[in-house]
Amino acid sequence: MTLNLADAGVIVLYFVLLLFFGYITRRTKTFTEFAVGKHSVPTMMVFASMAATIIGPGFSIGFTGKGWITGYLFYYMVLAYALQVIVVGIYLAPKLSQHRDCNSLGDVMRKKYGLVAQFLTGIVSVGLCIGFTAVMGKVGGSVLHVVTGWSLGACLIIVTGVTALITFSGGVRATIATEGLQFSVKSIAVAILLLLAIAKAPDGISSIADRANEMTVQGFEGMNAWQVFGIVLSFMLGETLIPPYANRALAAKNENASKAGFIAAGLFCAIWFAIVALLGVVAHSYLPPSTSPDDVFITVAQKVLPVGLFGLLLAAVIAIVMASQESVLNSSAVAFVRDILGPIYSPTERVTLFLAKAATLMFAAVAIYAAQFAPSIIDGLLVLYAIWAPTILLPLVLGLYVKETRPLAGCLSILAGGATSFVWLSFLHEPYQLPAILVGLIASGLAYFGGHIAGSQAIVLKKGEVL
Amino acid sequence: MTLIYAFVFPLIVIASGIAVLFALAPFVREIQRDIRGGTPK
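Those sequence lines, one after another, are chains A and B.
Counting along the first sequence from 1, when you hit position 281 you're at 283 in my numbering, and nothing is skipped either side.
Counting along the second sequence from 1, when you hit position 8 you're at 13 in my numbering, and nothing is skipped either side.
Calculated from the structure, these hints are not laboratory results.
Please note that the accuracy of each hint is not assured.
[Unchecked claim] Distance ranges between label pairs, derived from CB positions: (1) K405/A <-> L8/B: 44 to 52 Å; (2) N226/A <-> I23/B: 41 to 49 Å; (3) F12/B <-> P349/A: 52 to 60 Å; (4) G163/A <-> I23/B: 37 to 45 Å; (5) S292/A <-> G42/B: 54 to 62 Å; (6) L85/A <-> F12/B: 37 to 45 Å; (7) I40/B <-> L167/A: 16 to 24 Å.
[Unchecked claim] Keeping only pairs whose Cα atoms sit at most 20 Å apart, straight-line, the calculated SDA-like set for lysine to any residue is: (8) K113/A <-> S348/A; (9) K40/A <-> L16/B; (10) K40/A <-> L357/A; (11) K40/A <-> G42/B; (12) K31/A <-> G42/B; (13) K202/A <-> L16/B; (14) K255/A <-> L16/B; (15) K113/A <-> K31/A.
Cβ atoms here follow ideal geometry from the backbone N, Cα and C, with glycine treated the same way.
From just these sequences and the hints, can you work out the full model?
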């Protein structure tokens, strides 16, 4: 693919705008500012940041690829994800926002289950965030590789490296501001792409609708009930309150901002998923059937968009990747400093901030290396979902509602859920087609229940804190 | 449903993108005020 000068100009302009934006918003003085932005983020920015983070490469480029093969099938299944964000907004995000003294998810877990639980949460959070960064970096690197023809290794370094450089100097509030800009660029560009693709399609909207229905039915016929259930469950629970989302609930200026921001993001996602899935269906009017699903998004854009607008779309793709990467990189650094180092080492505020910034760069380097081994977009995400939900989700949700939590219950739940899911997925390869996320969640629940019965009641050290 | 996905949803998405641009300005001003050491939250 050769890039037109005007398109390249638009991309350069976008990067200049991003750097200028970064320059005027990035200077962090304290770790609390770096982690949760003084708990001062308004509703609209919670919404934009949540939506920008959720709509990563998997839920845009990946979903257009799924629409290309199975019509609306994955759209119907991923509605479970949008529903999850709305439910979290109503019931969990406001509860998290009440913890004004917490800078990370691990902090909340410490208050409920003690230091060991915080440490375990930190380990899972950092591992998960590096995994997400790697999967997203691979997509961004692959797109850059296709567009420029540069080596894939160099493209992986450029995409994740630039994100890390932008993220490390600022805190979560600067990241949220940048995500707001990126949200606008990608919303406008991708929506215009769909409108133009439909307007220019040689076959009319009614034949596109017929094709979509036919492909969706065929897609459903190609899957059994367990597979559908496993994917719906993964979409529903796999990303629930992962560190970047939890951090936005903690960063919100009050409970109402957190609640409204999450609900709006869930509703927006339900709309977004439909337009990217439909784009995959419409793409059949332009592309040969042999086109690789992961290439459909970019290739159809190249066919449909005029010069200049295609550059804007490429800028939007970069925004899609970077917005998600920024959030998870920031969260990985916060989790490392607060939840892994925190329980064993208490440095000064200045040193803590330095360590958080250094960790951002370090984890970006690890993610660049890991990206070479990352699986395809949706497959990679589903593996990460199978780890998060069985480990942290259950003790976190119960911790927000159960008044007398027991440290043993939290720790056992994390360990049993994580180990079971990992063994079920990696060594047993999901026998009986039972999804690892479900088996892990059951193990996590049983371990929590056992730990709650057996464990002594938490020793209350001070208000709201346990050992 | 395809008609709604094709014509209504893209317009809502574009409107959301523009609305966030308008919300961004005061948010950035607040960050800059904090950087300059202005009124604390």
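How the hints compare with the structure:
Separation of K405/A from L8/B is about 50 Å and conforms to the stated range, judged on CB atoms against 44 to 52 Å. Here the CB-CB span from N226/A to I23/B is close to 43 Å, well matched to the stated 41 to 49 Å. Look at F12/B against P349/A: about 56 Å separates their beta carbons, and that is inside 52 to 60 Å. Under the hint 37 to 45 Å, the C-beta atoms of G163/A and I23/B, about 31 Å apart, miss the expected range.
As the Cβ distance of S292/A to G42/B is approximately 60 Å, the hint placing it in 54 to 62 Å holds. For the hinted restraint 37 to 45 Å between L85/A and F12/B, the CB-CB distance of approximately 24 Å leaves it violated. One distance hint, 16 to 24 Å for the beta-carbon pair I40/B and L167/A, holds here, with the actual separation near 19 Å. Of the supplied pair hints, the one linking K113/A and S348/A holds, its CA atoms being roughly 17 Å apart against a limit of 20 Å.
In summary, the hint linking K40/A to L16/B is not supported, as the alpha carbons are separated by about 34 Å, beyond the 20 Å threshold. Note on K40/A and L357/A: the hinted pairing holds, with a Cα-Cα distance of about 19 Å set against a maximum of 20 Å. With a C-alpha separation of about 14 Å, the suggested pairing of K40/A with G42/B holds against the 20 Å cut-off. As the CA atoms of K31/A and G42/B are separated by approximately 10 Å, the hinted pair is consistent with the 20 Å bound.
Of the supplied pair hints, the one linking K202/A and L16/B holds, its CA atoms being roughly 17 Å apart against a limit of 20 Å. Between K255/A and L16/B, the direct Cα distance comes to roughly 29 Å. Violation of the 20 Å bound is thereby established for this hinted pair. Distance restraint check for K113/A and K31/A: the Cα-Cα separation of roughly 26 Å exceeds the 20 Å cut-off, and the hinted pair is therefore not satisfied.
Hints 4, 6, 9, 14, 15 from the earlier list are contradicted by this structure; the remaining hints agree with it.
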